[in-house]
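Working from the sequences, and respecting the hints, build out all of it.
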Amino acid sequence: MGEYSGTPLAKKLGIVGDVVFTVVHPPAGFADTLGDYGEAVWQRNLMSPIDVVVAFFTERAKLRAEWSALTEAARPAGGVWVAWPKQASGVATDITEDVLRALLLPSGWVDNKVCAIDSTWSGLRFVLRKENRPPWKR
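Count the sequence shown with this note's numbering and you get residues 2 to 139, in order.
Since the hints were made in silico from the structure, they are not lab data.
Please note: incorrect hints may appear among the correct ones.
To be verified - Calculated cross-link-like contacts (lysine-lysine; reagent style BS3-like; alpha-carbon spacing at most 25 Å):
1. K87 - K114
2. K87 - K131
3. K114 - K131
Here it is in structure tokens:
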């Protein structure tokens, strides 16, 4: 599996090469939905540093409560995907793309990609604003 729109899901999420990623609150069967992720490392907890965090939520209160932990685990140049049920999925939720922006943009993170994960879930990727990242060190 791993393809909903023709592009492998792992690639759409940036899970390529030797990145470290984690998945929070995955729906049943997500490992099959994700498909092959090559050399990437699936870390089973939020121990940083993580390149790609993929987190599934149906309730904004739960997202609000967990957002800090998700962003603290992510590398400064990494990304946090927040997935929510599509309106047409029939899954009860109080989250929409607009709600995500209203909740998360004030935290210093900005959305830069959207992804159709499967027929039920959409995802919005947030990255730390450049001006909020630590200075580059060699």
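Notebook entry, point to check: Quick check: which numbered hints come out false for this structure?
Noted result: The structure breaks only hint 2.
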